[in-house]
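Novice: Here the protein sequences line up with chains X, A and H, keeping their order.
The numbering of the first sequence is numbering that gives the first Met the number 0, which starts it at 0 and goes up by one.
The numbering of the second sequence is numbering that gives the first Met the number 0, which starts it at 0 and goes up by one.
The numbering of the third sequence is numbering that gives the first Met the number 0, which starts it at 0 and goes up by one.
To be clear, the hints were calculated from the coordinates, so they are not data collected in a lab.
Be aware that a few hints might be false.
As the list claims (entries may be wrong) - Between beta-carbon pairs, the in silico distance windows are:
| no. | chain 1 | residue 1 | chain 2 | residue 2 | range |
| --- | --- | --- | --- | --- | --- |
| 1 | H | D14 | A | A93 | 40 to 50 angstroms |
| 2 | H | I207 | A | Y45 | 28 to 38 angstroms |
| 3 | H | A19 | A | A93 | 48 to 58 angstroms |
| 4 | H | M64 | A | G95 | 49 to 59 angstroms |
| 5 | H | P41 | X | A32 | 40 to 50 angstroms |
| 6 | A | A52 | H | W223 | 48 to 58 angstroms |
| 7 | A | P117 | H | Q8 | 34 to 44 angstroms |
| 8 | X | P8 | H | A215 | 31 to 41 angstroms |
| 9 | H | A212 | A | A52 | 54 to 64 angstroms |
| 10 | A | E238 | H | A215 | 42 to 52 angstroms |
| 11 | A | A93 | H | P68 | 55 to 65 angstroms |
Claimed, not checked - Stretch-level coverage of chain A by chain H, calculated; a stretch enters the list once three of its residues show a Cβ under 8 angstroms from a Cβ in chain H:
| no. | stretch |
| --- | --- |
| 12 | 80 to 86 |
| 13 | 113 to 127 |
Cβ atoms here follow ideal geometry from the backbone N, Cα and C, with glycine treated the same way.
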Amino acid sequence: MRAPESDLPLVLDGVSLKAGATTLLRDISLTIAPGVPCLIVGPNGSGKTSLLRLCMGLTAPTGGRITWGGRTDPAPTRRAFVFQRPVMLRRAASGNVTYALAQAGTPRWQRAPRAKALLQRVGLADLAHRPARLLSGGEQQRLALARALARDPEILLLDEPTANLDPAATRAVEEIVMSAAQSGIKIVMASHDLGQVRRLVGEVIFLARGTLCERAATNDFLDHPSTAEARAFLRGDLVV
Amino acid sequence: MAFRRLSVALALLGSLAASIATSSAEDRSIVVASTTSTQDSGLFGYLLPIFKAKTGIDVKVIAQGTGQALDTARRGDADVVFVHAKPQEERFVADGFGVKRFDVMYNDFVLIGPKSDPAGVKGKDIVTALKAIEAKGAPFVSRGDRSGTHAAELALWIVAGIDIASAKGAWYREIGQGMGAALNTASAMNAYVLSDRGTWISFKNRGDLDIVVEGDKRLFNQYGVMLVNPEKHPGVKKELGQTFVDWLISPEGQSAIAGYKIDGQQLFFPNADKSGG
Amino acid sequence: MPDHLSALQLILAGDPALFAIVRLSLGVSIAAVALAAAVGMPMGALLALTHFPGRPVLVVLLNAMMGLPPVVVGLALYLLLSRSGPLGTFGILFTPAAMVVAQTVLIFPIIAALTRQTIEDLWAEYRDELNAMHVGPIGRMTTLLWDARFSLITALLAGFGRAAAEVGAVMIVGGNIDGFTRTMTTTVALETSKGNLPLAMGLGAILIVLVLAINAAAWGTRIWSQRLTG
Numbered sequence: 000m001r002a003p004e005s006d007l008p009l010v011l012d013g014v015s016l017k018a019g020a021t022t023l024l025r026d027i028s029l030t031i032a033p034g035v036p037c038l039i040v041g042p043n044g045s046g047k048t049s050l051l052r053l054c055m056g057l058t059a060p061t062g063g064r065i066t067w068g069g070r071t072d073p074a075p076t077r078r079a080f081v082f083q084r085p086v087m088l089r090r091a092a093s094g095n096v097t098y099a100l101a102q103a104g105t106p107r108w109q110r111a112p113r114a115k116a117l118l119q120r121v122g123l124a125d126l127a128h129r130p131a132r133l134l135s136g137g138e139q140q141r142l143a144l145a146r147a148l149a150r151d152p153e154i155l156l157l158d159e160p161t162a163n164l165d166p167a168a169t170r171a172v173e174e175i176v177m178s179a180a181q182s183g184i185k186i187v188m189a190s191h192d193l194g195q196v197r198r199l200v201g202e203v204i205f206l207a208r209g210t211l212c213e214r215a216a217t218n219d220f221l222d223h224p225s226t227a228e229a230r231a232f233l234r235g236d237l238v239v
Numbered sequence: 000m001a002f003r004r005l006s007v008a009l010a011l012l013g014s015l016a017a018s019i020a021t022s023s024a025e026d027r028s029i030v031v032a033s034t035t036s037t038q039d040s041g042l043f044g045y046l047l048p049i050f051k052a053k054t055g056i057d058v059k060v061i062a063q064g065t066g067q068a069l070d071t072a073r074r075g076d077a078d079v080v081f082v083h084a085k086p087q088e089e090r091f092v093a094d095g096f097g098v099k100r101f102d103v104m105y106n107d108f109v110l111i112g113p114k115s116d117p118a119g120v121k122g123k124d125i126v127t128a129l130k131a132i133e134a135k136g137a138p139f140v141s142r143g144d145r146s147g148t149h150a151a152e153l154a155l156w157i158v159a160g161i162d163i164a165s166a167k168g169a170w171y172r173e174i175g176q177g178m179g180a181a182l183n184t185a186s187a188m189n190a191y192v193l194s195d196r197g198t199w200i201s202f203k204n205r206g207d208l209d210i211v212v213e214g215d216k217r218l219f220n221q222y223g224v225m226l227v228n229p230e231k232h233p234g235v236k237k238e239l240g241q242t243f244v245d246w247l248i249s250p251e252g253q254s255a256i257a258g259y260k261i262d263g264q265q266l267f268f269p270n271a272d273k274s275g276g
Numbered sequence: 000m001p002d003h004l005s006a007l008q009l010i011l012a013g014d015p016a017l018f019a020i021v022r023l024s025l026g027v028s029i030a031a032v033a034l035a036a037a038v039g040m041p042m043g044a045l046l047a048l049t050h051f052p053g054r055p056v057l058v059v060l061l062n063a064m065m066g067l068p069p070v071v072v073g074l075a076l077y078l079l080l081s082r083s084g085p086l087g088t089f090g091i092l093f094t095p096a097a098m099v100v101a102q103t104v105l106i107f108p109i110i111a112a113l114t115r116q117t118i119e120d121l122w123a124e125y126r127d128e129l130n131a132m133h134v135g136p137i138g139r140m141t142t143l144l145w146d147a148r149f150s151l152i153t154a155l156l157a158g159f160g161r162a163a164a165e166v167g168a169v170m171i172v173g174g175n176i177d178g179f180t181r182t183m184t185t186t187v188a189l190e191t192s193k194g195n196l197p198l199a200m201g202l203g204a205i206l207i208v209l210v211l212a213i214n215a216a217a218w219g220t221r222i223w224s225q226r227l228t229g
């Protein structure tokens, strides 16, 4: 369907981001390649959302360079994004998915069956005709996942998708994310929930005050954090 | 796709509405620029169906003050002019905008005023009456719109020896509107006002007003009709327009005009003279 | 229209002249709304989604034009459409078509300006999501217009209300010709000038009821379809 271009590896080279006088991210160099889920961890305000937006190409860096599969064009060819508070289009659940399919270039005749399969995959088949805005928070987040998966992404970026959800809804979302990871999609997900980090085992990128402090396998990070900031964060101290 | 459906619906709606809006358009029609007095008095409502039945021609009347009606015709936006200010009409023809002017009919002006008659003019001649109104400063409503009635009123002030431009004060209200609006204003203010008899007879909102001066030969009000010159404006519908002019001054048209009555009162008196004038 | 009848009697008697006037009024106003929407909505959306030098000036201008004096618009169009004017060859002065043009000019700024505001607000909400789905400029416009459809109904109604209630412009370019370009509002003006105040008031009441009914219908449609689509 799409051109066989790849967005991987995603490379950040000395990237920084400033908003006015405030530095949001400072000199970040990072390569994201196919493999296990990558969790971006850090306290509120550490720059997780900014980093994800840079990776998606939604924001341009004020310094440094980002490339996707070697290309500098930020057009999201094989990437998809799930926001903390997804915006539901004013259509039915199925309409939201077919819209995303259409934008991803899916031929018209394939859209209905693929939308049906995607809704099945996120457990919303029964709610296909419900107006998306009338779905619950957890259902909306799952619909956002279906929309993201409709893009047939290589990289799926998620910005604390479960921050506003109850445990049952959180579990449903995590299961969808894990099954996506198993199907070969590279997961890059921000989280400040250590339980979630433990469950979605893979690797951790730890941010504090806009700086990349450490990057390690999940268990290594949780058991032997190498920086003071990470140790404080894991202890539950307030890291400013 | 949903959006496309919306725009198709909009387009359909638009063409439907446009077809409704223009469905009554016909080819055999002329535009006549005329005065508010002929329209407000109901004369056209009576005459035009008779004319249409005979000729099949639709007459579309734009009712304006005489001055504005002549302007409309000067721009070529009317086929025929039917107004009542002879000097202006004669200049219109002399300037080449009209083909030829014909007398059609007359009625007369009447001075309307409150029944209490604060200026004490009832039954006087028009010149004495105007002098008294000016002397007493009694409220007077003027059309102030370059209409035929306005022109007649200004001429009467001159006859009365009053330079209205310098004499006018708070008592003299120029409203710049049609005959009906002037009567409404006079009714609300209990003021004097000069009106054509036809509009007065058919006027409903009289309040405390009544005729105070009438029958003076200086109150004579002559209507004339002319075809707009096709040489100036090629768009003028020459044959259809001429048919209307000819019918108005024909015995048949003349008796139709005489036949228009409200409560038994004849409003207009035909006086066409086929030689033109 | 017979002078001696009240407006109520005219309705009850199904007076054909009255119905022709109502039909013309609605036809002209609806045609003007459709035309103004067909141009004004995409233009409003375009203005909401693009940035260029002079854009703020254009936005202010468009907002100010919502208050265009109908008489001035009527006069300007009269001079344009007059047989002596630059567009005189079309011969549409004193026809319903001229009235449609006048009302379109009057309500285009209303629809365009309200659309711009609505789309700009919605774009602030949708921007990230649509960018993440890689939606192009045309797709943005159509998506936002479609998703704002319930709010845009209000813009259409505002335009319709202005068109239906307007008298200055249609009087000048239509000429208030009996049975041809006489609308509800010009009839009210005419009957007022004839001193026929009860009939004028009655016709005014009919006009208000019609506008009210159309607004109620649009509102009902909005509530109903919003319940279906969220």
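Novice: Decide, hint by hint, whether the structure agrees.
Specialist: Against the structure, the hints come out as follows:
no.	hint	verdict
1	H/D14 with A/A93: 40 to 50 angstroms	45 angstroms, holds
2	H/I207 with A/Y45: 28 to 38 angstroms	31 angstroms, holds
3	H/A19 with A/A93: 48 to 58 angstroms	41 angstroms, violated
4	H/M64 with A/G95: 49 to 59 angstroms	40 angstroms, violated
5	H/P41 with X/A32: 40 to 50 angstroms	44 angstroms, holds
6	A/A52 with H/W223: 48 to 58 angstroms	50 angstroms, holds
7	A/P117 with H/Q8: 34 to 44 angstroms	38 angstroms, holds
8	X/P8 with H/A215: 31 to 41 angstroms	60 angstroms, violated
9	H/A212 with A/A52: 54 to 64 angstroms	37 angstroms, violated
10	A/E238 with H/A215: 42 to 52 angstroms	50 angstroms, holds
11	A/A93 with H/P68: 55 to 65 angstroms	37 angstroms, violated
12	80 to 86	violated (count 0)
13	113 to 127	violated (count 0)
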